[in-house]
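*Asks:* Kindly generate the complete structure, drawing on both the sequences and the hints.
Those protein sequences? They're chains A and B, same order as listed. Per the working numbering, the very first residue in the first sequence carries number 7; after that it's consecutive. Per the working numbering, the very first residue in the second sequence carries number 45; after that it's consecutive.
Hints may be right or wrong, so weigh each one.
Simulated DEER-style distance windows between Cβ atoms [what the hints assert, rightly or not]:
#, chain 1, residue 1, chain 2, residue 2, range
1, B, PRO141, A, MET45, 51 to 59 Å
2, B, PRO276, A, SER210, 30 to 38 Å
3, B, THR211, A, PRO43, 44 to 52 Å
Covered stretches of chain B, as calculated for chain A (at least 3 residues, CB under 8 Å) [stated by the list, open to error]:
#, segment
4, 102-109
5, 184-193
6, 208-219
7, 254-263
8, 278-284
9, 295-302
Just so you know, these hints were derived from the structure itself, not from any lab. Glycine included, every Cβ here is placed at the ideal spot set by N, Cα and C.
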Amino acid sequence: MIEARTLPALAAAFWFLAVAGRVLLEPGRPQPPHGLPRMVVERYGLQDTAFLAGGYRRLAADTAWVQFLLYLAGALPDDLADDGIASLRPMALRVTRLDPTLATTYIFAAGILAWRPGVNRVQEAADVLREGIALNPGRWDLAATLAAIGYREAGQMEKVASELEPVVRRPDCPAVIKSILASTYESLGRYREAADLWVAIVESPGGEGYRDRAERKLAVLARKAREARQ
Amino acid sequence: MSAATRFLDAAGAVALATAREHARRRSYLLVLVFGAVLVGAGLLTSTLASDERVRVLLDAGLASIEAIALLTAVLSCATLVLDDVDSRVSHLVLCRPAPRSAYVVGRWAGVMVAVATAMAAMAVLHLGALALSGWSWRWAYPAALAASGLKVAMTAALALAVSLVTTSSASALTVTGFLWVLGHFGDELKALGERSGSPLVGMVLGVGRVVVPDLGILSVRELWGAASWPGPSWWAGAVCYLVLYTAACLAASSWLFERRES
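*Replies:* Here it is as structure tokens:
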């Protein structure tokens, strides 16, 4: 039986073994948060730090993502021109610097910055995607979106479509990129494919918010298809 | 009957009584209800998350389960033995021919049984919500839950040891909260040490980082989307680390209790 006087020695032995084991485990340790670029702390620094202090990095990023979406819902489309959209990039980077694996944010933000009518912040979109590619080397969809932006700038819309098609086939592709591809198909006169994509957007998880826009687009596409046949 | 069997029998009896005592408490049921509310709140919040609905629901649920379990375990362990000593309940138990360390370990184990049951109940609710959202099962889920349980168990053992050192529940809670935060800032401490430029500051932060419990070591839920995971032997090492640290805290608590009650 353990005697009372041996308990301090036992505690010290367990503690020493634990600490030694921890030092041995150090080289294989998985997450490298200190390798991330600086956090964006202008507005929500205290909130993000509180989450990190509790050990909830992913939840901090999730909360930042929801706040980003709420910000977009408030800022778009009224303040598109200057003030409203100026915060879009830092708001997106706040999410991804908390957790770069939330890669939807890169594509979502770049989609709005590069494609949304009236915004035209192509360089910012490219910067956001480049950071995403650096932190997620395995995510080819980020590189494909960046290439699509380049082709769009060069006016090569067929190539934009061919770059975005594999991205849209990913199950986690955000609806905003699907809507961009649908609009690209429309500009190329590929109305059937555009209509199919709008239907797929509404039926996909998170696509309910696109229902009104999709209905309008489907009506426009039907009219354009009729005119093309005549 | 061998001494080890006698120890295990005594600790088991105390643990069972503690778990029953917890289950009968109204506050324990309230915690369960609060956990269910938090999982429900995660479900509501996830509807705002558009394309990342399932991820938000998953993270919010796992984080809520861990936070509720942590609060319950730490509050119980920081007050349980101290309250027993103050109300002299411990004297009734200790007049029996049982080792005092069995009483301390049994009290901690009883709280852990109650907390693990609450975690399992909340996980069932969470899995139901996830299934409704179209989430497909991954074995990382029970691994994340078990890792949270181990973290909570270690922090509770730490709270117990601190409560016997400070002899005040409030200060035990404060110190444990401080250690919980420090335990998640290991990487930041390392980065600060590297960037300070001063060898002394670097050494102090480096030693501090190793001495305080490393709670980030088994944060499986934080690695859900990571590109690569360490192998099984690394995870086994991380589990051993938490088990050894917990054992160290319990041995220290037993010794402190022996000294206090002798």
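*Asks:* None of the hints should be skipped; say for each whether it holds.
*Replies:* Status of each hint after checking the structure:
no., hint, result
1, B:PRO141 to A:MET45: 51 to 59 Å, "58 Å, holds"
2, B:PRO276 to A:SER210: 30 to 38 Å, "36 Å, holds"
3, B:THR211 to A:PRO43: 44 to 52 Å, "46 Å, holds"
4, 102-109, "holds (count 3)"
5, 184-193, "violated (count 0)"
6, 208-219, "violated (count 0)"
7, 254-263, "holds (count 7)"
8, 278-284, "holds (count 4)"
9, 295-302, "holds (count 5)"
The structure fails hints 5, 6 (numbered hints given earlier, in ascending order).
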